[in-house]
Amino acid sequence: EAGVTQFPSHSVIEKGQTVTLRCDPISGHDNLYWYRRVMGKEIKFLLHFVKESKQDESGMPNNRFLAERTGGTYSTLKVQPAELEDSGVYFCASSQGASGSLGIQYFGAGTRLSVL
Amino acid sequence: SQQGEEDPQALSIQEGENATMNCSYKTSINNLQWYRQNSGRGLVHLILIRSNEREKHSGRLRVTLDTSKKSSSLLITASRAADTASYFCATDAGYSTLTFGKGTMLLVSP
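These protein sequence lines are chains A and B, in that order.
Once you know that position 51 of the first sequence is 51 in this note's numbering, the rest is easy, because the numbers rise by one and skip nothing.
Once you know that position 69 of the second sequence is 185 in this note's numbering, the rest is easy, because the numbers rise by one and skip nothing.
Isolated chain B, as found in the complex (with noise of 0.2 angstroms):
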């Protein structure tokens, strides 16, 4: 599997459902972020969470990060249509670049 892996690739949900969505990894990080990509833009930073850090709240959005798993999840609460998006995970190992995993794609349906 590639570095920073999400699951599910795809998940369609109702406006005011929750939204999980995982990232795997295999190598030590320095921190991992969440990014959003509405269709034909660019890539938003949501939220960075940094290796001794458990769990980060913004907003609507809840990051974990369990080290010892290489495991992070992203919970979007009460979720709108407008958080129609790909959503992508991105380590950093402390090299100053970002490595992505494919992104899951989330519908949220009025």
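Excised from the complex, chain A in its bound form (with noise of 0.2 angstroms):
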């Protein structure tokens, strides 16, 4: 079985510019959360969403960031515009079951984003 899949593994961009980050849960797992690694920091919360549905978004940095997850399958994250701050990893997990604490958290390898 397939694990949580991100892409791109790398992105460098310029300050302004836009990037879309994808992520692939695995198969069946209702919950998909976003965290983000800014250098030098712990690794953050972003979003949750539950299916299609966002649960928590209480730790997006401001409306730059936009997440998505159509028909709760993968989710996109764009960042527009993109500012030199956002340069970091930003990491995709999932788990099973529909809304509560429910444990195991399965991360994917993250995308480095760098913003020159």
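Be aware that one or more of the hints could be misleading.
[Claimed, not checked] Away from chain A, derived, C-beta distances all over 12 angstroms, residues of chain B: (1) N138; (2) E171; (3) T180; (4) A197.
[Claimed, not checked] Derived pair list, reagent style DMTMM-like, types lysine to aspartate or glutamate, alpha-carbon separation capped at 20 angstroms: (5) A/K78 x A/E57; (6) B/K142 x B/D182; (7) B/K186 x B/E169; (8) A/K51 x A/E68; (9) B/K142 x B/E131; (10) A/K51 x A/D24; (11) A/K78 x A/D24; (12) A/K44 x A/E14; (13) B/K185 x B/D123; (14) B/K218 x B/E121; (15) B/K218 x A/E85; (16) A/K54 x A/E83; (17) A/K41 x B/D123; (18) A/K41 x B/D182; (19) A/K44 x B/D123; (20) B/K186 x A/E68; (21) B/K142 x A/E42; (22) A/K44 x B/E121; (23) B/K218 x A/E42; (24) B/K172 x B/D199.
Derived by calculation from the structure, the hints in this document are not laboratory data.
Please read these numbers as outputs of a predicted model, since none were measured by experiment.
Don't be surprised by glycine CBs; every beta carbon is placed ideally from N, CA and C.
Using the hints, put the two chains back together into the complex; each one sits in its own frame.
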């Protein structure tokens, strides 16, 4: 069974450009999460989908970030326009179940975003 | 300090030795989890311990949880070079999101 996959693995863009990150969760997982690790800091939660609905987006830094999960399958995270401080590694994770604290989250390898 | 803060920040040991990493947190939790990240790879789930558990084992891993001190420890016994990685603790306060610390970088030399 395939794990959580993320694309691209690395993206280098200039300040002001737009970047879209994609995450394919494990098949059948209702919960999908986005996290981010900025250099030297801890991994921080961005948002949580349950199927296609945003359950919690309290970690989204600002309105330059837009996450979608069409049809409750894969998810995209768009940054528009990108700023220097957006550089970091963006992780996606998924877990089973419909809602609530369910325990194990399975992570993808991450997308390393470099904004120049 | 941050929720789920690990110490030490870096640990260097020889193969065969035991490695102990600690994690402290600030708020009440539903469970605490440990993850490993090899360079350039994703986070791999190692072990989950619930708030009503005090100790848990999985292979060469032993995790303890002291909710009165809001702390946890991860012990890796008989370490191997392949254990070289960053280790993170993550707390789940019951809202389904994880709060991570900055991690401990473990280097196991042959």
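Original post:
Can you list which hints this structure breaks, lowest number first?
Top reply: 9, 12, 16, 18 and 20
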